[in-house]
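S.K.: Residues per chain are reported as follows:
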Amino acid sequence: MSCLAKFGKLILLLMKTKKLFVFMLPVFAAAGLILFNACKSPDDKDAKTDSVKTSNTTPSTADAGLKVPAGFNAVILAENLGEPRHLVVTAQNDIYVHTQGTKDGKGIWVLHDDGDKATIKSGFGNYGGTGIAIKNGYLYASSNSDIYRYKLNDKGEVANPTAPETIVTGLVNKRMHNSKSIALDNDGNIYVNIGAYSNICSEFDKDKKGCPVLNDAAGIWQFKADKPNQKQSDGVRYATGLRNVVGLDWNQQDNQLFVMQHGRDALHDLFPAMYTTKQSADLPSECMYALKKGDNAGWPYVYYDWMQKKLMAGPEYGGDGKKEADAKYLRPAMGYPGHFAPDGLLFYTGSQFPEKYKNGAFIAFHGSWNRAPEPQEGYCVVFQPFKDGKPDGQYEIFADGFAGPDKSPDGAIHRPCGLAQGPDGSLYVTDDKKGTLYKITYKK
Amino acid sequence: MKLKFALMALIVCFAFNVNAQTKHKNGSGAGSITRGLVVYKSVCLACHMATGTGVSHMNPPLINTSYVIGPKPALIKIVLNGFDEDVEINGQKYSNTMTPHSDLTDQQIADVLTYVRKSFGNKASSISAAEVKKAREIK
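Residue numbers (the numbering used here), protein chains in the order written: chain L, 1 to 444; chain P, 1 to 139.
If you're looking for bench data, these hints aren't it; they were derived computationally from the structure. Check each hint, because a few of them may be wrong.
Chain L regions said to be covered by chain P (calculated; three or more residues, Cβ under 8 angstroms) [unchecked claim]: (1) 125 to 135; (2) 204 to 214; (3) 327 to 338.
Sample of chain P residues lacking proximity to chain L, with all beta carbon distances greater than 12 angstroms (derived) [stated by the list, open to error]: (4) LEU45; (5) GLY54; (6) PRO61; (7) ASN64; (8) LEU80; (9) LYS93.
Yeah, the Cβ is synthetic: ideal placement off N, Cα and C, and Gly gets one too.
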């Protein structure tokens, strides 16, 4: 519990003795101020404990209230869009935004970007969801159980918004981790995350004989991008042992799928003798994986420790907090601190930003909830440098300040989720808390 | 000077408060709330948050919902058996599965539920260890 929260609790307890409370009011105010200042510095220090290399350039507070590196500018293009998740931008500067729920029966919104403002042109799609992508003249979008596609005309517009083709139907949707993020390759395939409907499989694998959730979830499935009405059983389980992926993108340099896994929760709650609350906040790592067909990332049997850079045996499956995992499981391409919640991944292929950003990865960290009683973290967009198609060196915080003063799921004002690149190389970011759409640009 | 005064006053407040707590301990359930907070911090807080707000779309809030301030046996059963059903509170759905906590003692469950029913703005009645014991026996 933070210093301030303790003070708040003290006040609450004292309020029970009402007379005393009234008498003491001025004292509370004074003590509050003192405590606030006393609390401030350690909290600020905490925020920097993750070994993050901050950008060398002086950050500037841009119009949108975000902190971005010098030379960059962030503007708010639109507000109150509901809960916008992923998005995609056309060559004509139209933006397709997929919202978590529907408003007026619509879950996909078309906006036109006029430079520093975007206006809503129309809405369609009677389903909420996360996934949205454009490939070979089609817009693909997913509900939490189906994938649809819409033919685009030569202006990048959906010609017939009420009559999409159903590409995949009936994907596993058991409430937990049910968002179906999508990405497409250059060979006519579409990839979709089917998240584990469990934290760590304990309720499905009591005898530890092997987690049955892996049979129909906890992996990336591959389908034909142009074949209608495929069922889950028609797809290929492309990679398994992935607890839940929300951010994913096809890397054109490597011609390979990269995904961001949300790591497990509750190491301390479930194994208090092995993990302190601090360790449980920092572990396990949120992981970036470079996937090949047949890969197994090891959930629920293993987790990655980003501080030791080791793949560890999970405590449910013989781990003790020190034992390393079987080497047969796929190692992540990069590990990030625990519970940051990577919801968006984008390889930057534009030319607007400085050279170092080219072919590197932006990651939108939605922000943690499972680090309590440690302070919550994330709520930012980071840049992961790449070299020759592999992560190269420490990530940098690229855009920060989404949450405002209170980095918590309830107190955060905005939470970054989806990322997209515009035709001129601008970066777009959605916020699914307050419904804001940001655009980040660079001027030489 | 001011600082010293404030700190001293704070210490005095603390002394008063501890005194009040001790007095209540054998009577109205303030002891149960205090003990309940300890259980809450170690078992519930990670998901339901220190403020009882839960986490949007994932972990339901514990504030002013019939699941918490409604009938006691149903609430006790959630703690004992966990929860894996569709839950909608104030128009929002929550997706995460809650694990069972039947390993807690009757007294710990009574304390934590008393804490939850009397915190975050909730003003519901206490739950006793006997009520938890009874709920445990109902299959």
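S.K.: Indicate, hint by hint, whether the structure satisfies it.
M.R.: The hints, checked one at a time:
1. 125 to 135: violated (count 0)
2. 204 to 214: violated (count 0)
3. 327 to 338: violated (count 0)
4. LEU45: About 5 angstroms separates P:LEU45 from the closest Cβ of chain L, which leaves it inside 12 angstroms; violated.
5. GLY54: violated (8 angstroms)
6. PRO61: P:PRO61 not clear of chain L: closest Cβ-Cβ about 9 angstroms, inside 12 angstroms.
7. ASN64: holds (15 angstroms)
8. LEU80: holds (14 angstroms)
9. LYS93: Label violated. Min Cβ-Cβ 8 angstroms, cutoff 12 angstroms.
Hints 1, 2, 3, 4, 5, 6, 9, counting from the list given before, are not met by this structure.
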